[in-house]
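With the hints as constraints, model all of the structure from the sequences given.
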Amino acid sequence: MTQYFVFLVLGIGAGTIYAGLALGLVVQFKASGVLNLSHGAVAMIAAYQYDELRKTGNLVLPWIGLPHTVHIADGLAIVPAMAIVLTLTAGLGLAIHQLVFHPLRHAPALAKVVASVGLMLVLQALVIAQFGVGYGRQPGGLLPAQPVHVFGTAVPRDRLFLAAITVGMAVIVWGLFRFSWFGLATRAAAESDRGAQLIGLRPKRYAAACWAASSVLAGLFGILIAPITSLDPVKFTLFIVPALAAALIGRLTLVSLATIGGLALGMTQSELLFLTTKKWFPEWARSGAVDLVPFVAIVLALFIAGRRLPVRGAAAGAEPMRSLRTADRPRTTFVWLGAGLGALLVLQGAYRLALVQTFIGVILLLSLVVLVGYVGQISLAQAAFAGTGGFLLSRLADGHGVPFPLAPLLAAACAAVVGCVVGIPALRVRGVQLAVVTLAGAIAVEQVVFKNPTIAGGELGAKVPDASFLGLDLGARTGDAQPSIAFGVTCLVVVGLLALMVGNIRRSSLGRRMLAVRSNERAAAAIGIDVVKVKVGAFAISSFIAGVGGAMTGYSQSSLSAQSFTVYVGISLLATAYLAGITSVSGAFVGGILINGGLLATFAGEKLSLGKYYLLISGVAVLVTAVLNPEGITAAVTARVQSLGGSKRRGKAVASRVPPLIADRLGVPQQG
Amino acid sequence: MTDLPAARLDVRGLVAGYEGAALVRGVDISVGPGEVVSLFGANGAGKTTTLAAIAGLIRPTAGTVHLDGQPLTRLPASEVVRRGLALVPEDRCLFSQLSVVENLRVAARRVGGDVDVAFARFPALEPLRRRAVGVLSGGEQQMVAIARALVMRPRVLLIDELSLGLAPMIVRDLLLAVRALADESDVAVLLVEQHVRLALDVIDRGYVLRQGSITVSGSAAQLRQQTDLLADSYLGTSVTA
Numbered sequence: 001m002t003q004y005f006v007f008l009v010l011g012i013g014a015g016t017i018y019a020g021l022a023l024g025l026v027v028q029f030k031a032s033g034v035l036n037l038s039h040g041a042v043a044m045i046a047a048y049q050y051d052e053l054r055k056t057g058n059l060v061l062p063w064i065g066l067p068h069t070v071h072i073a074d075g076l077a078i079v080p081a082m083a084i085v086l087t088l089t090a091g092l093g094l095a096i097h098q099l100v101f102h103p104l105r106h107a108p109a110l111a112k113v114v115a116s117v118g119l120m121l122v123l124q125a126l127v128i129a130q131f132g133v134g135y136g137r138q139p140g141g142l143l144p145a146q147p148v149h150v151f152g153t154a155v156p157r158d159r160l161f162l163a164a165i166t167v168g169m170a171v172i173v174w175g176l177f178r179f180s181w182f183g184l185a186t187r188a189a190a191e192s193d194r195g196a197q198l199i200g201l202r203p204k205r206y207a208a209a210c211w212a213a214s215s216v217l218a219g220l221f222g223i224l225i226a227p228i229t230s231l232d233p234v235k236f237t238l239f240i241v242p243a244l245a246a247a248l249i250g251r252l253t254l255v256s257l258a259t260i261g262g263l264a265l266g267m268t269q270s271e272l273l274f275l276t277t278k279k280w281f282p283e284w285a286r287s288g289a290v291d292l293v294p295f296v297a298i299v300l301a302l303f304i305a306g307r308r309l310p311v312r313g314a315a316a317g318a319e320p321m322r323s324l325r326t327a328d329r330p331r332t333t334f335v336w337l338g339a340g341l342g343a344l345l346v347l348q349g350a351y352r353l354a355l356v357q358t359f360i361g362v363i364l365l366l367s368l369v370v371l372v373g374y375v376g377q378i379s380l381a382q383a384a385f386a387g388t389g390g391f392l393l394s395r396l397a398d399g400h401g402v403p404f405p406l407a408p409l410l411a412a413a414c415a416a417v418v419g420c421v422v423g424i425p426a427l428r429v430r431g432v433q434l435a436v437v438t439l440a441g442a443i444a445v446e447q448v449v450f451k452n453p454t455i456a457g458g459e460l461g462a463k464v465p466d467a468s469f470l471g472l473d474l475g476a477r478t479g480d481a482q483p484s485i486a487f488g489v490t491c492l493v494v495v496g497l498l499a500l501m502v503g504n505i506r507r508s509s510l511g512r513r514m515l516a517v518r519s520n521e522r523a524a525a526a527i528g529i530d531v532v533k534v535k536v537g538a539f540a541i542s543s544f545i546a547g548v549g550g551a552m553t554g555y556s557q558s559s560l561s562a563q564s565f566t567v568y569v570g571i572s573l574l575a576t577a578y579l580a581g582i583t584s585v586s587g588a589f590v591g592g593i594l595i596n597g598g599l600l601a602t603f604a605g606e607k608l609s610l611g612k613y614y615l616l617i618s619g620v621a622v623l624v625t626a627v628l629n630p631e632g633i634t635a636a637v638t639a640r641v642q643s644l645g646g647s648k649r650r651g652k653a654v655a656s657r658v659p660p661l662i663a664d665r666l667g668v669p670q671q672g
Numbered sequence: 001m002t003d004l005p006a007a008r009l010d011v012r013g014l015v016a017g018y019e020g021a022a023l024v025r026g027v028d029i030s031v032g033p034g035e036v037v038s039l040f041g042a043n044g045a046g047k048t049t050t051l052a053a054i055a056g057l058i059r060p061t062a063g064t065v066h067l068d069g070q071p072l073t074r075l076p077a078s079e080v081v082r083r084g085l086a087l088v089p090e091d092r093c094l095f096s097q098l099s100v101v102e103n104l105r106v107a108a109r110r111v112g113g114d115v116d117v118a119f120a121r122f123p124a125l126e127p128l129r130r131r132a133v134g135v136l137s138g139g140e141q142q143m144v145a146i147a148r149a150l151v152m153r154p155r156v157l158l159i160d161e162l163s164l165g166l167a168p169m170i171v172r173d174l175l176l177a178v179r180a181l182a183d184e185s186d187v188a189v190l191l192v193e194q195h196v197r198l199a200l201d202v203i204d205r206g207y208v209l210r211q212g213s214i215t216v217s218g219s220a221a222q223l224r225q226q227t228d229l230l231a232d233s234y235l236g237t238s239v240t241a
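Taken in order, these protein sequences are the chains called Z and R. The numbering of the first sequence is this note's numbering, which starts it at 1 and goes up by one. The numbering of the second sequence is this note's numbering, which starts it at 1 and goes up by one.
Check the hints yourself; a few may be wrong.
[Unchecked claim] Computed from the model, here is a short list of chain R residues facing chain Z with C-beta under 7 Å:
#1 S78
#2 F95
#3 Q97
#4 E102
#5 V106
#6 R109
#7 L125
#8 R210
#9 L229
#10 Y234
[Stated by the list, open to error] Far from chain Z, some chain R residues (derived; all Cβ distances over 12 Å):
#11 R12
#12 A62
#13 N103
#14 A107
#15 A120
#16 E126
#17 L136
#18 G138
#19 G139
#20 V171
#21 D183
Hint data in this document are derived by calculation from the structure and do not stem from the laboratory. Cβ atoms here follow ideal geometry from the backbone N, Cα and C, with glycine treated the same way.
Below, the structure is given as structure tokens:
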């Protein structure tokens, strides 16, 4: 019995960071209606900076290119070190607000999600560039950890301190919002920008203060918790998921429930971890059981409290993207395919490998064009669908000897079924919250399925035999030039078929129904469109395409590991798709070139020796795109070409510049 | 009314619009202390744009706005409020999740105002103090909107579409309350009102806007004589009364 209690108390450690981040998420949501997925990364960077400052006396500033290391003093004490780092973190929070989320305050959900995952990738890449991957970096303890006896059981003392600090911070935040004029003004400013101006407030200042404060909170909890969890840029960033679960338990507005939720999640996970060590616990369910907890919590919170969640932030529909008005012509697709074939024949070695990665990337991005571009459903789980296809292919082809075109098709069809299941929450949840569900789902699938040795082959990986068709050997590693041209052509044919299919969907009646759902679900339903069918159908098509992409990934490597389908792969896919232009087939081709491991990344690594910074640079590019040019590169280029050709489309969208006060009087459709 | 009182709000040659299209083309308006003046005009005549430009919500392209001789032109809305000019916008822009008293308090703290002024002016709000504004009726919300402007102790009060979505009975009460406010506290009131006849009973003077310019102006009595002109301005055709 006592051990159950010890694990419960140990769970306060993780619970503290969940609750601390959830507090910040609630504050940020109150202040600017944003669910900031990069909040965990803010905590991480502060924890790294603090650890470095304490160990070496160097303050590492959050940028590269310019000098970024300042020597402060050797053997800096805890309090001054913390003060310096938290001041820097406050500045980071202000910069994030000023440069990213303030400009995006009226933007549609997709731009906000992409900006926050872009920021997450930037901060993570920055930490990796500045501190190294740093697995096992173990900061020294901050709080006394000697055991203390509670109910006759010895438990580490620091957990009790952490619980007290968390509750204390929550009370302070709650009190500020509830009783101070500052809190009142912040709530007012968050609710109506113009209303606040009309009573003489500058809404931006209140939001900025909240961003600074919430970032300081994240930094503080990051520093406090790092000695317990150890510092790791991959794990630490993902603390955001249980934190999001806690914030959603608090309906994004209640500080009390969010804090309790965070602590409870940490304790539940810890207890579950203990239970998985028991003999009676089923072997197959041990892997990732802990990661299932936040996912289940998020789904429950959204389904139970879904109706009562504030709609701010999610209320804005998808923006009318110019590029959606014109369908992709098959001609354009053939030009791309021709270029691909030419490149395949010309390129060799690392570049041909990159080209094949680009082809596979195009397939994965096409899955997003259908789902996000056409129907406006934000998914961070495409890598999970792809992985489903990949691992099933291994089972079918390696385990049961199913031949080439049939095995990947079957695997992709199964991925489509999984996609439909994931699509079910999308019937009730939309916008940013759907992105959160898919993010948590992707982590759950990665941990529970892909990393499960009884399912996915464990350490050795899942084997995928070479494909052959009508006696032709299509294997990637056949012949001396790897990957083989035959495999490249196979990929290109698959890309071509899928690209033409996706282009066709846009021009079909289904495509028009998808666009109708995207722009306004209620209006679509009002003219007789079955919104449920369209959404679930889009998830099925999209995850089928992703499943094919996963199967091709399987063929390109001899054995698959969970590494190919991590949650970060899914995040970068959405970010890259958005960067390139998520609404068109051409955008998918451009995105394939930009993808990590694709042509541009290889070129940057080989020729410009920027490989180390590619993730950072692409993350910054995503951020800049989200803030300045929400339609992506492809649409920007197309618009430029059209305007050079004297297109009749003169003048920019006037509607977007007209303030809502007058917009309705002019009969101009309002945005966001 | 030939001898106008010293202008409290003085607007000269105001030009404003969006994306280069001027909706308001050279408007002159003056309102004296204690005066209630109305702006009439058809939809799209530029009434809302005029008020938005005066209040600093949009930046006028030409013209000047003075309050008691102090220039307000081109100041942002939040600064204009602090100098004593409050706008009640047509969609009210209330903080609907905050309670009535919170709506007033957040506005009052800014300029050292007092929320009791508002409850004295609108006793009907007293029992609703703790109610969230979002659940109030349209008339009650309009009262809160005006009350929220009042607690900031403005010298000039602009009210856009006082009667939007309200029953005529409530409109009359609100107009009378505005009249009383002007009489008792020397506030200069400029309002946009669609109920011409109701408005003419309480206002001192009026302006008629048509396609961004003032076509008619005069005292309430004069305007009442010229209902055909007013109708013309609204309907765009000559109608003989």
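Hints versus structure:
1. Taking 7 Å as the C-beta cut-off, the interface hint given for R:S78 holds, the closest approach to chain Z being about 5 Å.
2. Annotation: interface hint on R:F95 holds; nearest CB of chain Z at approximately 5 Å, less than 7 Å.
3. Look at R:Q97: its Cβ gets to within about 6 Å of chain Z, closer than 7 Å, so that hint holds up.
4. Hint status for R:E102: holds, given a least beta-carbon distance of 6 Å to chain Z, under 7 Å.
5. For R:V106, the shortest C-beta to C-beta distance to chain Z is roughly 5 Å, which falls under 7 Å, so the interface hint holds.
6. Satisfaction of the interface hint for R:R109 is found here, the shortest Cβ-Cβ separation to chain Z being roughly 5 Å, below the 7 Å cut-off.
7. Taken as an interface hint, R:L125 does not check out: its beta carbon lies about 17 Å from the nearest beta carbon of chain Z, beyond 7 Å.
8. Contact between R:R210 and chain Z, as hinted, is not supported at the beta carbon level, the nearest pair being about 15 Å apart and thus beyond 7 Å.
9. For R:L229, the suggested interface contact is broken, since its CB lies about 23 Å from the closest CB of chain Z, more than 7 Å.
10. A least Cβ separation of about 15 Å between R:Y234 and chain Z goes past the 7 Å threshold, and the interface hint is therefore violated.
11. Remark: the non-interface label on R:R12 is consistent with the geometry, its nearest Cβ contact in chain Z lying 22 Å away (cut-off 12 Å).
12. Listed as outside the interface, R:A62 is consistent with that label: its C-beta sits roughly 18 Å from the nearest C-beta of chain Z, beyond the 12 Å cut-off.
13. R:N103, annotated as away from the interface, has a beta carbon of chain Z within 12 Å; the closest lies near 8 Å.
14. Interface exclusion of R:A107 from chain Z breaks down, the closest Cβ pair being 4 Å apart, not more than 12 Å.
15. The non-interface label for R:A120 is consistent with chain Z: the shortest C-beta to C-beta separation is roughly 19 Å, beyond 12 Å.
16. The non-interface label for R:E126 is consistent with chain Z: the shortest C-beta to C-beta separation is roughly 20 Å, beyond 12 Å.
17. No beta-carbon of chain Z comes within 12 Å of the beta-carbon of R:L136; the shortest separation is about 15 Å.
18. The claim that R:G138 is not at the interface with chain Z holds, since no C-beta of that chain comes within 12 Å of its own (minimum 17 Å).
19. With a closest Cβ-Cβ approach of about 19 Å to chain Z, R:G139 is found to remain outside the 12 Å limit, as its non-interface label requires.
20. Interface exclusion of R:V171 from chain Z stands, the closest Cβ pair being 20 Å apart, more than 12 Å.
21. With a least CB separation of 25 Å from chain Z, R:D183 remains clear of the 12 Å interface cut-off, as annotated.
Of the numbered hints stated above, those contradicted by the structure are hints 7, 8, 9, 10, 13 and 14, listed in ascending order.
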